[in-house]
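In our numbering, each residue carries its 1-based index in the sequence shown increased by 8.
Hints may contain errors.
Straight-line Cα separation of at most 30 Å, DSBU-like style, residue types lysine-lysine; simulated pairs [said to hold, decoys possible]:
hint: 1; residue 1: 507; residue 2: 469
hint: 2; residue 1: 327; residue 2: 363
hint: 3; residue 1: 507; residue 2: 103
hint: 4; residue 1: 511; residue 2: 414
hint: 5; residue 1: 405; residue 2: 372
It is worth saying that the hints were derived from the structure and are not from the lab.
Predicted model, so just to flag it, every value in this text is computed and none were measured.
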Amino acid sequence: MQKKPSFPTQIIIGALLVTTIIGAASIWVTSGAISTTNKAANKVTEFYLRELAGRRSQMVQAAINEEFEEMERVLELVEPADLVSQDTLRSFLGKTETAYGSDEFAFVDEDDVVYTRYTTYSGGSRYGFLSDGTLDEGKVISTTDIYGASKRVCLAVPISGLTFLDKGLKACFVEVNIEEIVQGLDFDAKDANTSFCMYYQNGENLTSLDFGSIGAGQNLYEAMHATLGEGEWDEFSKSFAGGKQGGVEFSYNGVRQTLYYAPVPDTNWVLTVLVADNLIQDQVRSVGSEMVARSSVLIIVTGLTLLAFFVAIIIRTRKQSAALLEIERKNTHDAGERAQRSERELGEVKQIAYKDALTGAKNKHAYSEREIDLDMQIREGTVGELAVVVCDLNGLKFVNDTYGHKAGDEYIRSAYKLICGLFEHDSVYRIGGDEFVILMQGSDYEHRDRLLGEFNRRVEKNIARGEVVIAAGMAEREPEDELLQATFRRADERMYYRKAQLKKMGAKTRE
9 MQKKPSFPTQ IIIGALLVTT IIGAASIWVT SGAISTTNKA ANKVTEFYLR
59 ELAGRRSQMV QAAINEEFEE MERVLELVEP ADLVSQDTLR SFLGKTETAY
109 GSDEFAFVDE DDVVYTRYTT YSGGSRYGFL SDGTLDEGKV ISTTDIYGAS
159 KRVCLAVPIS GLTFLDKGLK ACFVEVNIEE IVQGLDFDAK DANTSFCMYY
209 QNGENLTSLD FGSIGAGQNL YEAMHATLGE GEWDEFSKSF AGGKQGGVEF
259 SYNGVRQTLY YAPVPDTNWV LTVLVADNLI QDQVRSVGSE MVARSSVLII
309 VTGLTLLAFF VAIIIRTRKQ SAALLEIERK NTHDAGERAQ RSERELGEVK
359 QIAYKDALTG AKNKHAYSER EIDLDMQIRE GTVGELAVVV CDLNGLKFVN
409 DTYGHKAGDE YIRSAYKLIC GLFEHDSVYR IGGDEFVILM QGSDYEHRDR
459 LLGEFNRRVE KNIARGEVVI AAGMAEREPE DELLQATFRR ADERMYYRKA
509 QLKKMGAKTR E
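Use the sequences and the hints to build the structure in full.
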């Protein structure tokens with residue numbers, strides 16, 4: 009007589025039978041829906057991104073054209089009385105920036121001297137368009153890096169017939185923050201897993217913003233080379249560099265994404281849009297309704313069958329589950345302790361990474377993170393009172409060249425000691441070889457004028473003593489400053505003005 013299968017064996021056989029039924033039904037349900045859904049998703053993706061990139065590209069071009077039109081209107085308003093002296097010119101520039109909301113409006117004379125609202129400086133080395141001949145062709149669109157701030161767009165037009173201090177004015181220009189342009193493009197796509205960025209046609213990021221999973225400092229060609237096949241990458245790179253509009257799909261960390269790009273007219277920039285697949289799935293959800301209905305029928309049929317088997321399995325495995333639960337609790341407790349230990353170690357590593365090894369001050373990475381945090385507080389209206397002090401050492405290059413880099417290091421440490429003698433240590437950042445930034449809040453902000461005055465008096469005494477000399481410029485955050493960079497820029501300009509004062513007092517810059 010054949011032995012009857014035991015109860016556990018019956019459960020296994022039943023589970024295998026149910027699994028077979030579900031597998032066959034799932035293939036039937038999904039086979040028809042997958043093809044239809046993919047076709048619909050591709051069409052929605054292409055249409056959505058083409059329209060999105062095209063409109064945003066036109067917005068960027070329109071913004072640039074508006075800036076050029078404003079410059080033309082400003083030039084029509086210039087009167088001889090505005091060009092009598094530095095004071096009259098700066099007054100005119102101040103009124104112009106206030107009226108048009110420009111970040112910086114400037115004139116340039118025939119010797120490449122730049123005149124702004126707050127300062128005067130040589131622009132030959134900072135702005136390439138002043139010396140490369142592009143002004144001869146008319147309007148100029150270029151980019152420049154402002155030290156300690158973001159990349160900016162310079163929009164310049166040549167001028168003639170105007171003179172200032174017996175020198176002909178050859179150009180005027182405005183500076184526009186590229187990151188503000190890019191961040192302003194996502195006004196209706198914040199919750200759509202959509203990212204925007206701006207690149208040169210050679211793949212270099214114009215901004216310091218991350219582009220989805222692609223870091224700000226990573227070349228777009230290199231990033232895409234790691235995700236695309238050789239043929240796809242060749243086609244993408246040629247199209248992108250050639251200023252054509254197009255798109256490409258790729259996977260990153262298991263997530264399917266779509267990149268679309270469109271050139272910005274009259275520039276060598278390319279506007280890029282990155283969208284994750286879940287957006288497309290949401291937009292084509294109705295296409296999969298048939299699959300959902302058929303799946304519902306499958307669930308009802310198989311659910312009743314599974315119920316009987318699961319009841320038996322639950323009863324027989326209750327004791328095993330209790331034992332496994334106890335083991336899981338112990339593992340969870342151990343994992344929690346390991347996680348806390350890892351978090352402490354990570355905090356220690358982060359503290360080291362954000363500290364300047366030479367002076368002990370916070371470094372440029374710490375400043376960048378703090379700048380992002382303050383920008384978020386500014387947008388949320390929670391930042392409170394804030395002032396920025398930009399400090400620049402005089403004579404560091406001379407010390408290095410004359411006495412060696414050890415002496416130069418000691419010179420930098422002396423400068424940090426002088427700064428920390430008045431300002432709170434935690435608010436001081438070393439963001440360059442000879443540049444420090446102080447973010448003044450709380451008590452330092454309340455006594456900012458007194459602190460800066462005392463700091464300047466100590467520096468002036470150091471001129472006679474032959475000790476460290478530091479030029480400092482301070483600016484308070486104004487209500488119209490939407491980013492910390494705007495306050496930084498004013499402080500930087502006042503620092504250069506202070507550097508000129510110190511030079512007249514006898515402090516040699518030797519830079």
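Okay, the hints, checked on the actual structure:
no.	hint	result
1	507 / 469	holds, 15 Å
2	327 / 363	violated, 54 Å
3	507 / 103	holds, 26 Å
4	511 / 414	holds, 25 Å
5	405 / 372	holds, 20 Å
Taken one by one, the earlier hints fail for this structure only at number 2.
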